[in-house]
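Student: For the protein sequence lines, the chains are A and B, in the order given.
Note that full-length UniProt numbering has the first sequence beginning at 1, numbered continuously upward.
Note that full-length UniProt numbering has the second sequence beginning at 1, numbered continuously upward.
Be aware that one or more of the hints could be misleading.
One copy or any two copies: either way a pair holds, since identical chains are not told apart in the list.
Calculated lysine to any residue pairs in the SDA-like style (CA-CA distance at most 25 angstroms, straight line) [what the hints assert, rightly or not]:
#, residue 1, residue 2
1, K54, A64
2, K2, P87
3, K25, S132
4, K76, M177
5, K76, A41
6, K76, T266
7, K76, T277
8, K25, M177
9, K76, R259
10, K7, H28
11, K76, S269
12, K146, A229
13, K76, E267
14, K146, G274
15, K76, L273
16, K76, Q270
17, K7, T57
18, K146, R226
19, K2, D61
20, K76, Q262
21, K26, D140
22, K26, P114
23, K7, S40
24, K26, E42
To be clear, the hints were calculated from the coordinates, so they are not data collected in a lab.
Remember, predicted model here, so these are calculated numbers, not experimental data.
Number of protein chains: 2
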Amino acid sequence: MKYSLNKVLVIGLGLIGGSFAKALKKRHLVDEVSGYDLNSAECELGLQLGVIDKQVTSLLDAVAEADLVMLAVPVKAMEQLLEAIAPALRPDTLVTDAGSTKMNIIAAAQRVFPTIPATFVPGHPIAGAEKSGVTAANADLFVRHKVILTPVPETDPLAVSLVAELWQSLGAEVLQMEPHRHDEVLAATSHLPHLLAFSLVDTLAHEEEKKDIFRYAAGGFRDFTRIAASDPVMWHDICQANRDALLDQIDQFTMGLSRLRQAIDTEDSQTLLGIFTRARIAREYFSTLLTGTAYELSSTPPSVETPNLGVDKPGE
Amino acid sequence: MKYSLNKVLVIGLGLIGGSFAKALKKRHLVDEVSGYDLNSAECELGLQLGVIDKQVTSLLDAVAEADLVMLAVPVKAMEQLLEAIAPALRPDTLVTDAGSTKMNIIAAAQRVFPTIPATFVPGHPIAGAEKSGVTAANADLFVRHKVILTPVPETDPLAVSLVAELWQSLGAEVLQMEPHRHDEVLAATSHLPHLLAFSLVDTLAHEEEKKDIFRYAAGGFRDFTRIAASDPVMWHDICQANRDALLDQIDQFTMGLSRLRQAIDTEDSQTLLGIFTRARIAREYFSTLLTGTAYELSSTPPSVETPNLGVDKPGE
Numbered sequence: 001m002k003y004s005l006n007k008v009l010v011i012g013l014g015l016i017g018g019s020f021a022k023a024l025k026k027r028h029l030v031d032e033v034s035g036y037d038l039n040s041a042e043c044e045l046g047l048q049l050g051v052i053d054k055q056v057t058s059l060l061d062a063v064a065e066a067d068l069v070m071l072a073v074p075v076k077a078m079e080q081l082l083e084a085i086a087p088a089l090r091p092d093t094l095v096t097d098a099g100s101t102k103m104n105i106i107a108a109a110q111r112v113f114p115t116i117p118a119t120f121v122p123g124h125p126i127a128g129a130e131k132s133g134v135t136a137a138n139a140d141l142f143v144r145h146k147v148i149l150t151p152v153p154e155t156d157p158l159a160v161s162l163v164a165e166l167w168q169s170l171g172a173e174v175l176q177m178e179p180h181r182h183d184e185v186l187a188a189t190s191h192l193p194h195l196l197a198f199s200l201v202d203t204l205a206h207e208e209e210k211k212d213i214f215r216y217a218a219g220g221f222r223d224f225t226r227i228a229a230s231d232p233v234m235w236h237d238i239c240q241a242n243r244d245a246l247l248d249q250i251d252q253f254t255m256g257l258s259r260l261r262q263a264i265d266t267e268d269s270q271t272l273l274g275i276f277t278r279a280r281i282a283r284e285y286f287s288t289l290l291t292g293t294a295y296e297l298s299s300t301p302p303s304v305e306t307p308n309l310g311v312d313k314p315g316e
Numbered sequence: 001m002k003y004s005l006n007k008v009l010v011i012g013l014g015l016i017g018g019s020f021a022k023a024l025k026k027r028h029l030v031d032e033v034s035g036y037d038l039n040s041a042e043c044e045l046g047l048q049l050g051v052i053d054k055q056v057t058s059l060l061d062a063v064a065e066a067d068l069v070m071l072a073v074p075v076k077a078m079e080q081l082l083e084a085i086a087p088a089l090r091p092d093t094l095v096t097d098a099g100s101t102k103m104n105i106i107a108a109a110q111r112v113f114p115t116i117p118a119t120f121v122p123g124h125p126i127a128g129a130e131k132s133g134v135t136a137a138n139a140d141l142f143v144r145h146k147v148i149l150t151p152v153p154e155t156d157p158l159a160v161s162l163v164a165e166l167w168q169s170l171g172a173e174v175l176q177m178e179p180h181r182h183d184e185v186l187a188a189t190s191h192l193p194h195l196l197a198f199s200l201v202d203t204l205a206h207e208e209e210k211k212d213i214f215r216y217a218a219g220g221f222r223d224f225t226r227i228a229a230s231d232p233v234m235w236h237d238i239c240q241a242n243r244d245a246l247l248d249q250i251d252q253f254t255m256g257l258s259r260l261r262q263a264i265d266t267e268d269s270q271t272l273l274g275i276f277t278r279a280r281i282a283r284e285y286f287s288t289l290l291t292g293t294a295y296e297l298s299s300t301p302p303s304v305e306t307p308n309l310g311v312d313k314p315g316e
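So here's chain A without its partners, still in its complex pose (with noise of 0.2 angstroms):
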């Protein structure tokens, strides 16, 4: 299949989507970026913001023309608007999204299609979440942010490399990883811990006798609320689309947690001093992660090195 990358159709023009737009106009690597959006009044005001080149009144005719058709709407409406473009989409039509969970949109797709297109490439940009709307798009909310495509059996991969490559253009680091896989990190590593601050600041806020306590909050609290104050909604949809994974990364750790309770209640220093330096070490590791080098940009997944990270062995 030969594919072009002229015209690209941006569907929901929200933070990402809109990011996504505005990125691609400012690098100039295509000819034109048009934009959709239920509410008609963002995709107007996308346009006078220089967003998007022209704004989009017929969904379908819009994926007709389109190379690339980027999907940027809530990962619940994933399934509707799937099945909505598909009768234009062409057998060359590039189609890719935005969901922050991979799994659901997946089966949403072999819901939607006989055979999942060729052309489609999943992938979750790892960017953003403060703010929200068109008019917080950025041109380079990506640069330097992790991309994550998870390819399907179906996916070709010469459409893989060429939306990898789109990102890498707008500053990202793409890797490639399994559907699940994807989904069991961002449970472990954004989901849990996004639903812990929930909890803690729930849990206190809930007894009545309780509510002055945050008067005294010092330090540890105060990053805790900061992480709180996402959008419930948003959450609220997190979990029921990644719940299987998300239920199992809570299980893990009410273990871990229930592992630390014992050793406090049993004064088992060893226990406790193991525990909070294994933290450390990995917390200091991952500012390696952070600070360092990081690996090369590349289409191709990194290799993934399991690095010593000090940490003992299960069951020590």
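Please build the complex by placing chain B on the supplied structure of chain A, with the hints as guidance.
Tutor: Below, chain B alone, put in the same frame as chain A:
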């Protein structure tokens, strides 16, 4: 009882002790600030850096001469220190401390003294943790930070007022609290969040196959690992010093997390949205506390309103 505040002795020249000494000197609040540290090199450095006026070699002589003694040593060392200085304390020697838990220090004082001296004002400045040592001493460390005083029934109210005024002169906001309440509040707002962070990072780092997960860590996780970078030994000691309050907080948190897990498992949207929304409202309330005019500086305990957080009653 009549008190003077001419000579202050700071025992333990870490970040807190050193900053207390330096802050007093910078503001010329007392005639002389002397310092004692088991590590005499640290003490000498304090003298060279102008953190203290005088390096003490005989602890007992220095205590006998001091009008106020600040105990700024690790919580675990407090009992031994109290035993060591007890013989040299005059009836009008003010004694205060900077320990991060209070019940166990008061228990230590009860073991050391036949009756806790009326001049003993247990305290806890909530400041600093990232840096350590006398070189990190900062004369403005306590400005706009909270200091919680937890007098016992034996404590002379005049002694409390003097210690409170001294902290206020250093820019701190002084609160009073029951010792038991202090430990509970700190367990909830500082110790528990730190333990959750340690536990999360350790749980992830614990399994061989999961190490590469750190590569993909997004925002929420970064905040957690930052918290988990604290000193393992300090947190080990806190876990022992505040054991009971911490176990209680862990149990409450675990119950809250279990409610959340249940809601995810059963796709109970109402409960999910309830938890996330309450958490966000509590967070917003907390933000106003941090950025607002807060309460008046005062040596008397501020009135603790229980503002409407918009939270629902338990059991809903």
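Student: Each hint needs a verdict: does it hold in this structure or not?
Tutor: Against the structure, the hints:
1. K54 <-> A64: within (15 angstroms within a copy, 83 angstroms between copies)
2. K2 <-> P87: within (20 angstroms within a copy, 90 angstroms between copies)
3. K25 <-> S132: within (20 angstroms within a copy, 49 angstroms between copies)
4. K76 <-> M177: within (22 angstroms within a copy, 48 angstroms between copies)
5. K76 <-> A41: within (22 angstroms within a copy, 63 angstroms between copies)
6. K76 <-> T266: Answer is between: at 17 angstroms across copies they meet the 25 angstroms cutoff, but 46 angstroms inside does not.
7. K76 <-> T277: Between copies only: 19 angstroms across, 41 angstroms inside.
8. K25 <-> M177: neither (28 angstroms within a copy, 59 angstroms between copies)
9. K76 <-> R259: Between copies only: 24 angstroms across, 36 angstroms inside.
10. K7 <-> H28: within (12 angstroms within a copy, 71 angstroms between copies)
11. K76 <-> S269: between (47 angstroms within a copy, 13 angstroms between copies)
12. K146 <-> A229: This pair counts as both: shortest intra-copy Cα distance 23 angstroms, inter-copy 24 angstroms.
13. K76 <-> E267: This pair counts as between: shortest inter-copy Cα distance 14 angstroms, intra-copy 47 angstroms.
14. K146 <-> G274: Answer is neither; intra-copy 32 angstroms and inter-copy 32 angstroms both fail.
15. K76 <-> L273: between (43 angstroms within a copy, 16 angstroms between copies)
16. K76 <-> Q270: between (46 angstroms within a copy, 17 angstroms between copies)
17. K7 <-> T57: within (16 angstroms within a copy, 80 angstroms between copies)
18. K146 <-> R226: Cα proximity of K146 and R226: in one copy and across copies (22 angstroms, 20 angstroms).
19. K2 <-> D61: within (21 angstroms within a copy, 89 angstroms between copies)
20. K76 <-> Q262: between (40 angstroms within a copy, 21 angstroms between copies)
21. K26 <-> D140: Within one copy only: 9 angstroms inside a chain, 46 angstroms across chains, cut-off 25 angstroms.
22. K26 <-> P114: neither (37 angstroms within a copy, 77 angstroms between copies)
23. K7 <-> S40: within (20 angstroms within a copy, 72 angstroms between copies)
24. K26 <-> E42: Within. Shortest intra-copy distance 20 angstroms satisfies the 25 angstroms Cα cut-off; inter-copy 56 angstroms does not.
The structure is inconsistent with the numbered hints 8, 14, 22, although it conforms to all the rest.
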